[in-house]
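Number of protein chains: 4
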Amino acid sequence: MTGTSFFSDMVQTITERGRKLLSFTPRTERMPSGLAGLEHLCNMLLSSRGEASGMALAAEILQQWSRLNDEEQRDFMLLLSGKFGPDSDKLDKAINTYRTERTAKAVLDLHQAAEPRRQELIRRLNLAPSGISTLVRMREKLLSLKADTPDLEAVDADFAHLFASWFNRGFLLLRPIDWSTSAHILEKIIHYEAVHEIGNWDELRRRLAPADRRCFAFFHPQLADDPLIFVEVALTKTIPATISDVLDETRAPIQAQDARTAVFYSISNCQVGLRGISFGNFLIKQVVEDLRRDLPKLDTFVTLSPVPGFAGWLARERRNEHSDVLTPEDQATLAALDDTGWTDDTATTSAVKTALMPAAAWYFLRGRTGDGRAIDPVARFHLGNGARLERINFLGDRSSRAMRQAHGLMVNYLYKLDDIETNHEAFAQRNEIVAAPLIKKLLRNDKTVRSTPPPAKANPKDTGHDKNKAGRKELSS
Amino acid sequence: MTGTSFFSDMVQTITERGRKLLSFTPRTERMPSGLAGLEHLCNMLLSSRGEASGMALAAEILQQWSRLNDEEQRDFMLLLSGKFGPDSDKLDKAINTYRTERTAKAVLDLHQAAEPRRQELIRRLNLAPSGISTLVRMREKLLSLKADTPDLEAVDADFAHLFASWFNRGFLLLRPIDWSTSAHILEKIIHYEAVHEIGNWDELRRRLAPADRRCFAFFHPQLADDPLIFVEVALTKTIPATISDVLDETRAPIQAQDARTAVFYSISNCQVGLRGISFGNFLIKQVVEDLRRDLPKLDTFVTLSPVPGFAGWLARERRNEHSDVLTPEDQATLAALDDTGWTDDTATTSAVKTALMPAAAWYFLRGRTGDGRAIDPVARFHLGNGARLERINFLGDRSSRAMRQAHGLMVNYLYKLDDIETNHEAFAQRNEIVAAPLIKKLLRNDKTVRSTPPPAKANPKDTGHDKNKAGRKELSS
Amino acid sequence: MTGTSFFSDMVQTITERGRKLLSFTPRTERMPSGLAGLEHLCNMLLSSRGEASGMALAAEILQQWSRLNDEEQRDFMLLLSGKFGPDSDKLDKAINTYRTERTAKAVLDLHQAAEPRRQELIRRLNLAPSGISTLVRMREKLLSLKADTPDLEAVDADFAHLFASWFNRGFLLLRPIDWSTSAHILEKIIHYEAVHEIGNWDELRRRLAPADRRCFAFFHPQLADDPLIFVEVALTKTIPATISDVLDETRAPIQAQDARTAVFYSISNCQVGLRGISFGNFLIKQVVEDLRRDLPKLDTFVTLSPVPGFAGWLARERRNEHSDVLTPEDQATLAALDDTGWTDDTATTSAVKTALMPAAAWYFLRGRTGDGRAIDPVARFHLGNGARLERINFLGDRSSRAMRQAHGLMVNYLYKLDDIETNHEAFAQRNEIVAAPLIKKLLRNDKTVRSTPPPAKANPKDTGHDKNKAGRKELSS
Amino acid sequence: MTGTSFFSDMVQTITERGRKLLSFTPRTERMPSGLAGLEHLCNMLLSSRGEASGMALAAEILQQWSRLNDEEQRDFMLLLSGKFGPDSDKLDKAINTYRTERTAKAVLDLHQAAEPRRQELIRRLNLAPSGISTLVRMREKLLSLKADTPDLEAVDADFAHLFASWFNRGFLLLRPIDWSTSAHILEKIIHYEAVHEIGNWDELRRRLAPADRRCFAFFHPQLADDPLIFVEVALTKTIPATISDVLDETRAPIQAQDARTAVFYSISNCQVGLRGISFGNFLIKQVVEDLRRDLPKLDTFVTLSPVPGFAGWLARERRNEHSDVLTPEDQATLAALDDTGWTDDTATTSAVKTALMPAAAWYFLRGRTGDGRAIDPVARFHLGNGARLERINFLGDRSSRAMRQAHGLMVNYLYKLDDIETNHEAFAQRNEIVAAPLIKKLLRNDKTVRSTPPPAKANPKDTGHDKNKAGRKELSS
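Chains as they are written, first to last, in this note's numbering: chain A, 1 to 477; chain B, 1001 to 1477; chain C, 2001 to 2477; chain D, 3001 to 3477.
None of these hints come from the bench; they were simulated from the model.
For the chain D half of the interface with chain B, some residues (derived, Cβ under 8 Å), not all of them:
1. Trp3179
2. Ser3180
3. Thr3181
4. Ser3182
5. Ala3183
6. His3184
7. Leu3186
8. Trp3201
With a Cα cut of at most 30 Å, we get these calculated DSSO-like pairs of lysine-lysine:
9. A:Lys105 <-> B:Lys1146
10. D:Lys3146 <-> D:Lys3188
11. C:Lys2093 <-> D:Lys3090
12. D:Lys3237 <-> D:Lys3441
13. D:Lys3105 <-> C:Lys2146
14. B:Lys1237 <-> B:Lys1440
15. C:Lys2353 <-> C:Lys2416
16. B:Lys1297 <-> C:Lys2297
17. A:Lys297 <-> D:Lys3416
18. A:Lys93 <-> B:Lys1105
19. A:Lys83 <-> B:Lys1093
20. C:Lys2146 <-> C:Lys2188
21. B:Lys1093 <-> A:Lys93
22. C:Lys2146 <-> D:Lys3093
23. D:Lys3105 <-> C:Lys2105
For glycine and all other residues, C-beta sits at the position ideal for the given N, C-alpha and C.
Work the whole structure out from these sequences, hints included.
Okay, structure coming up:
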């Protein structure tokens, strides 16, 4: 702790000294302004050897970048794409040598020649004080541009490559977050919570302070006060079917020792710029181990998770005259969903339930995207992680968001340590959905009998990042 | 702290669980033994997706590797070289695409296709509990093999590439080492000290506990109890000319506030396996800043450094009939050096001094290696760092080692923050040795008048690692 | 930290084991119920030698006490008073011996014989897990009873004697409170703030997070998460005249380095049960030293303090036909104060100011209580501490509370380290009010010319604890 | 941590400022020199009210005291005895009032009047920076003087009274000591070890670093780097009979999880000045609880303890013609003990054993001091603590010291948590020695049949402090 802040002080001082040196260069004369100036500085940084000026240059570049407007930041990214790729001459030469020699040396030279110059540039930018956090924000920007500018794909690949190395799981620290945690970090928990919003400090206290609540986050040593991902856990006696079972303000907390079940009811990624650098699977497994050690009576580890893709998929099936899932009667019944007050009437609710639950089972067990993957991003995350689909909970979450996304549906994924590997392999290799028998039974009134869908190439980095809220992402639960 | 150990516990548990899974595979049947078995495991690790089995596999591979004998470890390295390079077909295809298209995408694919598979392998090995420390030991082995086996150069390049990323300076923590430091770490200081040996705990105490002593080390979060590099500092009133000024047991310590000078009298790299991943320059500069902040009266920052290359060079000049440096009279006088007792006689000592000091000045200012670089490795380190050669101290160290390496010579390099960049540029770009005027004057009786030697391509990673002691390296001072 | 919690775990275990032992004693038979039972347990504790049963007994007694209702707690205190005084026979004997012998031994025995048995009882109760915090609450109760039950004075003297020893200033830790402090402690700051209320976490953040804010608290090792007293500090350029200068939400924070003045604008005692165990003076002086060290440009240390006794005193003078302070004209003018809207009218405000400011000066400089002490409790605290009265600020605080207590008046007390001892002596020994010349000048239209009031015996323990809010006390500022 | 050092800095500064104030007083004129000067300063401190001057005075007095020679320090103690007792007039008055009134107030006043003025003096001396450690050294001195100067008994009673309050067990922190502990503390462990000497750091490492070793110490917050008492623990499979079983350099450590037995083989008190302020009983019980929690398989907690009083007692019985214990044959056999080489001969050794073991059993079970207490101080400590005498080990320690003190005898005391209270009561109230049946059987050839000795008044503060080594004490084991 002391070390870190001491360290950043030092960096600060050295950088300032370097900046003074920089300023000896009368910029007006030599240094082009705007983006051309930035390009010049980047080239200087790449050719520099002195650490002081290197740190100063890095800091200067990152500061200038932070002050650019959206348009200019995009241009900067295009610059990285266009002018900081590999040196073509060197690369051509390396290719030629490789084609004649094919020695280990030739391969090495080829690999190095093919490395875009921006990789080294990004590495050197990381020398600046809190360089890493600016670089993470830079990639956040890049991700938002990538969709419209395919040329930036290669730039993003370089960021992702370096981040995967720097945020290597071996560097991450798991820390409990509780009511004795620093306010500085706690306010970030409020800010980053992406699944079930935390309105204020009193709500936060209810999530962290009671004896039957836990929270854990991964931190990176260079981002010491900024969590990367966190999970909120409720200790309960049985598996909860609704989020209000968990978050009800008036509930009576139980003693931690009396709990048999740990419920992961909210997992939030904190850094948009780290998308695709997956921590969630490690987080859950480590938290499971930690809880087991502290509370040996815990024997059930489940999530209580949203179903973000359900309402969209169901709408399509309701419009689909040839739906494999819904009969015309179902479609008629489910028309009730278009009235936001449908849950007010018991009979309607009951009818909807009868039609909706088998459809939900189909959605999970049979539904596939165009490229053959499970539709639900949260399902993909947890199943890919080795969990099994345990229970579908009708009206598990009556918040307007959940009603809109999933007609209130929530599900439990069960993490059983002994089955994790098997489940994971089944999903990853054979695209098989491991689910509790009761869920399969829901399919009994299956309209059609079809074979299991063909295996898809599951994407191991898929972490369910499809939607976006306030600059970051709900991961799952 | 808690986090870390908690974390490694977790990793331990997960790994053991994974190992159990591994053992389900009846090894006798499927798994080849010995090196073939290791190759098989490495391929499994590269194709694995599950984290639990991945961690278990990584741990298993590293453990098996640790149990190999020297011969087998060498074979394993050759395996990495021969079978874990890039996929040739993929690479050829990528080359062909690149030659037709030359898009950003094609470059990216080419770069990825050229990446040896062992890079990803090493990354995944890092998932094992304390994987990093085994990987560092693995590279230590590799370095010792490289000289005789040039094929391993490419393997080493991959290790070096990943280590440079993982040991990025941004991750390092500077921590003071003093008498309140953990014994666990202190015994490593005793072990790693490479310049002026620390014989026992009492000597260590004399280096750390007095009010006019300081010590600082860089640590990496994943190697929390194992320093990477450390520097020992003496606070003095004036620049010391001999090591006994600094280490004399009977000296009276001064108050830190009374010191004007900080003397870096010993810098030791601790991890042979991290050779070439340079920390020394950052260390010195940060320590300078730290000391200045705590003790504002300090105005002089110097080293008291050995001259490891001097005696060897001088022997050659003494044998050289056409020496540019030594006259025949000098050569006659310096014959006294062959008698180890030469310092016992005042007249001899005085005569030797007269002949030796100009030669020493020449050694530093004019001497060059075959490829045009400064001869002395410690000089290259400090000058490349931006220090200037401040003073040459006759008989600065009478230890048998220093007498053997340098006829007792020591030098001071001066770190003046305002000149560091200029000095560094002079050395790095123009191969110019920045030295105090008095040293240049020593050349007055210069035998020949010659121009400054031509610029050499200074190697920025040169950290003076030429000699080796007890498994690690004296860096400098 | 670890040590502490580990420790309390241990205590817990040992206590529970002891409690089991206790329960072997069939209580129904032997143990009287209610207060008689408690008395029995207290006598057991006093005669016990085993630590385990001692800790268990102590814990049992404190728990039983916590469950008593108000009436019973009062009876328990009377029990301590009536039955846990010294042993009369022993005391009489010791007196007789002393009267004949007068040796050191006889004095010692007399002193020990005169020690009430409840002192040892309280000491042993402190062995219970978190015994100290229950004992502090016990004294809080005692203080509230003392006024009506003079017999309890001696019991309170015993608590105070032991607390003075346990909360010896040498044991206290000064810790900065800032936005990185644990939420657990921060919520107590919100709760304990007694001078300028903190409404919620956002307000707290504004008090702690900006670069020009500081807060410090004293902690006791056995009450690690519960502050004893804290002070809030604003760093400013000049001495503020109103609390809104300091707390205005829209103000622009300054850089800490630009500040010349540190303003102590709120000091709150946290533990009612520690009344009379004075920490405030140490706190201010240490904070002054700390700030000076960190921010050497600070040269002025002042409070911005309420004047809690002013409105009450002025009301009496306004009714007093023979007031020494107010002329009939003044009294007429000040009638405006009875209308709560008097500040709305500029002319009225101006007239009031003219009459009120000299009265305020008189209040501070001449006003005395019946026993000759300065009237204002906050003034007594700061002047007794060695500060001087620096400035009287008209309408410094327009909050309804300040309008009610002091017609909006605030004052600055100046802490000048070099004068502290002199000022303190002047006040403590000669009852002299050290004040800035401008305040003395306000007395110009002094109705009467009178000599300085006679010296009173200032009470060094007087810390201004006269009013009470929500279970604790505004100390001052 | 930060808090503490910050704090002492503060105290330092305030004290220096205060000292400046003191120096304004031209000492040569007003202040008598030597002891008279100290007396004057003490009176000033008692009458002072300002904290700054109070701290300065306290620091000045403690410094002057530290510079006194032995004779002068003795005179200072006599001064405390003679001139800082209670105020006789006040005391007489309080006595008179009490004799007429007998109210609670009168008792309180009497108690306060009987309090020696030196108690308040000692309290105020504690305000000085690190006052407590000087006060502890002061009492160390006092203890050494007390034997010859009975007048100092009352002074010591005051120190002991205050220390008992300040070192209240509730303030103590139990911390593990291991190889990651600060060298600063570890060198104190080497220094304070009083039972089985630690010769150097390598030996220390063997005591702390192996997996089957533990060490725990109590610390006080104000003496943060100086342990009060520590215990060394070996984890073993069975109860060891000799110290070399435990300390043999060549033994193979076992895994902590494989241990069934925890052996307390050395307990050392560190601060002579705290004699009589008992921590040992708390230490052992808490360490037992801690070990049980970490290593649930541990089921046996024993000491391996010296028998310091045995050889002396046996010598007397050997000379005693009417010994109740030894027959003339025994006496003849035991004559062999006078030859230091007696253990070299197997036959002699065997004969000695036959005569010595029953005598040892008698020593423990029947032997009593003049005032009826168990003879062995270590036995008194552990039995008073609730342990039982488990086994007597012939030639358990062949070190010259153990041979001299106990003819090599060692014993095991067994701590069985469930029996501790019962055992303690048996010993404390009925003076009964709880011992294993086998030890009672050793008495079979009991010369005489006698009743259990009469109950003695066991001294609960008895901690076995009879011998002294290098300024501190072996407690036991």
